[in-house]
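**Q** As a plain string of letters, each chain reads:
Protein chains: 2
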Amino acid sequence: MAHSEHRSDDALPVESTPTTSAVALAVSTVIFALRSDGEGGGASLRLPLVRRIREPFEGEWALPGGPISAHEGLAAAAGRNLLSTTGLTPTYLEQLYAFGDTDRSPGERVVSIVYWALVRPDQADRATVGDNVRWFAADELPRLAFDHNEIVDYALWRLRTKMEYSRIAHAFLGETFTLAELRQVHEAVLQRELDPANFRRQMESSHAVVPTGERLTGGRHRPPRLYRYNDSAPLIDNGPLTSA
Amino acid sequence: MAHSEHRSDDALPVESTPTTSAVALAVSTVIFALRSDGEGGGASLRLPLVRRIREPFEGEWALPGGPISAHEGLAAAAGRNLLSTTGLTPTYLEQLYAFGDTDRSPGERVVSIVYWALVRPDQADRATVGDNVRWFAADELPRLAFDHNEIVDYALWRLRTKMEYSRIAHAFLGETFTLAELRQVHEAVLQRELDPANFRRQMESSHAVVPTGERLTGGRHRPPRLYRYNDSAPLIDNGPLTSA
Chain A
1 MAHSEHRSDD ALPVESTPTT SAVALAVSTV IFALRSDGEG GGASLRLPLV
51 RRIREPFEGE WALPGGPISA HEGLAAAAGR NLLSTTGLTP TYLEQLYAFG
101 DTDRSPGERV VSIVYWALVR PDQADRATVG DNVRWFAADE LPRLAFDHNE
151 IVDYALWRLR TKMEYSRIAH AFLGETFTLA ELRQVHEAVL QRELDPANFR
201 RQMESSHAVV PTGERLTGGR HRPPRLYRYN DSAPLIDNGP LTSA
Chain B
1 MAHSEHRSDD ALPVESTPTT SAVALAVSTV IFALRSDGEG GGASLRLPLV
51 RRIREPFEGE WALPGGPISA HEGLAAAAGR NLLSTTGLTP TYLEQLYAFG
101 DTDRSPGERV VSIVYWALVR PDQADRATVG DNVRWFAADE LPRLAFDHNE
151 IVDYALWRLR TKMEYSRIAH AFLGETFTLA ELRQVHEAVL QRELDPANFR
201 RQMESSHAVV PTGERLTGGR HRPPRLYRYN DSAPLIDNGP LTSA
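Residue numbers (the numbering used here), protein chains in the order written: chain A, 1 to 244; chain B, 1 to 244.
Rather than coming from a laboratory, the hints here were simulated on the basis of the structure. These numbers were taken from a predicted model, which means no experiment stands behind them. For each residue, glycine too, the CB sits at the ideal point set by N, CA and C. Please note: incorrect hints may appear among the correct ones.
As the list claims (entries may be wrong) - Facing chain B, according to a computed beta carbon distance under 8 Å, are these residues of chain A, among others:
| # | residue |
| --- | --- |
| 1 | A22 |
| 2 | V23 |
| 3 | L25 |
| 4 | I68 |
| 5 | A70 |
| 6 | H71 |
| 7 | L74 |
| 8 | Q95 |
| 9 | Y97 |
| 10 | A98 |
| 11 | G100 |
| 12 | R109 |
| 13 | V111 |
| 14 | I113 |
Stated by the list, open to error - Sample of chain B residues lacking proximity to chain A, with all beta carbon distances greater than 12 Å (derived):
| # | residue |
| --- | --- |
| 15 | R35 |
| 16 | D195 |
| 17 | L216 |
Claimed, not checked - Computed footprint of chain A on chain B; a stretch qualifies when at least three of its residues, placed anywhere within it, have a C-beta under 8 Å from a C-beta of chain A:
| # | stretch |
| --- | --- |
| 18 | 59 to 73 |
| 19 | 89 to 98 |
Working from the sequences, and respecting the hints, build out all of it.
**A** Written as structure tokens, this is what we have:
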């Protein structure tokens with residue numbers, strides 16, 4: 001029986017055989033921020049990409065990433081990607097998925113463990129941008145190097161799913177926010193306009209956010225209420241969050 | 001500015017630098033099955049482990065796993081783990097997480113991409129078991145090699161979360177099943193007894209399952225109804241399912 005023979009060799013955990021394999025390991029990071037569109041006060045979901053200066057895919061845009069060193073954790077490597085690309089630290093960082101199709105990089109086998117990160121708009125506006133880094137609107141990406149379009153699509157799907165079931169929008173906002181600000185985050189992520197009255201009803205009935213009792217300061221006659229996320233509602237998926 | 005210098009070297013995707021790193025890559029698989037407890041017809045959640053025949057952790061139990069070859073996909077490697085350990089193919093296979101703490105394997109750096117798999121009870125009963133393989137109850141594990149207890153804990157958490165929000169219990173059952181069979185799966189996974197009447201109400205009100213109109217065949221006066229999962233209800237998280 002073929003698989004019986006097979007088992008005795010292959011079922012052993014690899015940790016016993018520290019062979020140098022022909023498979024390279026990388027960590028890449030999808031960095032999302034809300035950035036203002038310039039005029040009108042609208043905001044859109046944007047991410048920084050890095051222009052490749054080597055083959056394969058020389059001159060094309062790719063997610064920031066790189067190899068990890070023997071003494072660096074996976075989340076630490078993702079944080080380093082973010083810092084080196086934007087000068088920022090994330091308000092949210094989570095492992096997305098390990099991408100390892102055999103044909104994703106021409107001429108070599110690379111497995112990329114991908115993280116996704118969120119940064120707040122006020123941070124994003126302070127981001128440093130190097131010569132080979134540019135921010136793109138998430139819904140207007142060019143054809144990217146490797147399978148990076150597919151990776152961004154999956155990161156967007158995860159962000160949208162998390163937005164519906166958890167407090168992830170929080171990472172784009174401060175501790176307190178108005179319902180209009182929260183709606184703007186949802187609109188930018190979902191890439192469609194939401195009816196303000198429906199959104200308010202939905203948020204209030206879900207108990208996802210609670211009024212703080214305070215209002216936005218400012219010169220207005222009746223400034224909008226401030227809300228915060230309801231900490232007593234359970235998060236759906238934190239994962240075994242690795243500390244960076 | 002330190003991070004500006006940093007960026008120009010490190011922000012480049014690693015795929016441009018196929019250096020042989022000191023970081024080894026492995027794929028391991030957590031294999032869950034419901035297996036009967038022998039007497040009384042109860043079932044418990046069990047998983048096969050492999051006894052290590054080498055240092056580190058020689059003689060201790062570990063998840064089945066191993067290195068991947070340059071031409072093997074990640075999910076294919078996980079399927080191979082399963083086949084070589086149990087002789088089975090999975091009814092459900094999903095990437096769980098990449099574990100990469102720097103101190104998880106003594107004397108070397110190993111990043112393990114972990115999958116989890118479900119097999120049906122009738123399959124599990126046909127599993128081949130080699131000399132170094134043994135099935136353990138999920139709630140009675142010994143101290144495992146490496147960080148494998150932590151990995152199993154996280155896989156259990158993911159299984160329980162999926163059970164509540166999706167049709168994952170299906171992978172333990174056939175196309176149709178009685179509510180008693182479905183409750184038994186939930187009880188084994190959640191490791192607590194559920195009130196039959198409450199469970200019935202909860203399943204019926206959630207519309208997660210629908211009656212097929214048929215009943216279990218057998219000699220009983222009033223055989224129980226058969227149900228199936230409601231395909232029109234959305235799954236919460238499929239991930240970018242890689243084909244094995």
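**Q** Now look at each hint and say whether the structure bears it out.
**A** Hint check:
1. Annotation: A22 (chain A) was flagged as interfacial toward chain B, and the flag holds, the nearest CB pair being 4 Å apart, inside 8 Å.
2. Because the closest C-beta pair between V23 (chain A) and chain B is about 5 Å apart, less than 8 Å, the hint holds.
3. This hint holds: L25 (chain A) has a C-beta 5 Å from the nearest C-beta of chain B, less than the 8 Å allowed.
4. Interface restraint check for I68 (chain A): the shortest CB-CB distance to chain B comes to about 6 Å, inside 8 Å, so the restraint holds.
5. This hint holds: A70 (chain A) has a C-beta 4 Å from the nearest C-beta of chain B, less than the 8 Å allowed.
6. Using the Cβ-Cβ criterion of 8 Å, the hint placing H71 (chain A) at the interface with chain B is satisfied: the shortest such distance is roughly 6 Å.
7. The interface hint given for L74 (chain A) holds, since its Cβ lies 4 Å from the closest Cβ of chain B, which is under the 8 Å cut-off.
8. Taken as an interface hint, Q95 (chain A) checks out: its beta carbon lies about 6 Å from the nearest beta carbon of chain B, inside 8 Å.
9. Nearest Cβ of chain B to the Cβ of Y97 (chain A): about 6 Å, under the 8 Å cut. The hint holds.
10. Proximity of A98 (chain A) to chain B holds as hinted, the smallest CB-CB distance being about 5 Å (cut-off 8 Å).
11. At its closest, the beta carbon of G100 (chain A) sits 4 Å from a beta carbon of chain B; the interface hint therefore holds under the 8 Å criterion.
12. Proximity of R109 (chain A) to chain B holds as hinted, the smallest CB-CB distance being about 5 Å (cut-off 8 Å).
13. Because the beta carbon of V111 (chain A) sits about 6 Å from the nearest beta carbon in chain B, less than 8 Å, this interface hint is met.
14. Proximity of I113 (chain A) to chain B holds as hinted, the smallest CB-CB distance being about 5 Å (cut-off 8 Å).
15. Its beta-carbon lying about 19 Å from the closest one in chain A, R35 (chain B) satisfies the requirement of being farther than 12 Å from that chain.
16. Non-interface status of D195 (chain B) relative to chain A is upheld: no Cβ of that chain comes within 12 Å, the nearest being about 22 Å off.
17. With a least CB separation of 34 Å from chain A, L216 (chain B) remains clear of the 12 Å interface cut-off, as annotated.
18. Only residues whose beta carbon comes within less than 8 Å of a beta carbon in chain A count, and the stretch 59 to 73 of chain B has 12; three or more means the coverage holds.
19. Only residues whose C-beta sits within less than 8 Å of a C-beta in chain A count toward coverage, and the stretch 89 to 98 of chain B has 3 of them, enough to reach three; the restraint holds.
Checked against the numbered hints listed earlier, the structure breaks none of them; every hint is satisfied.
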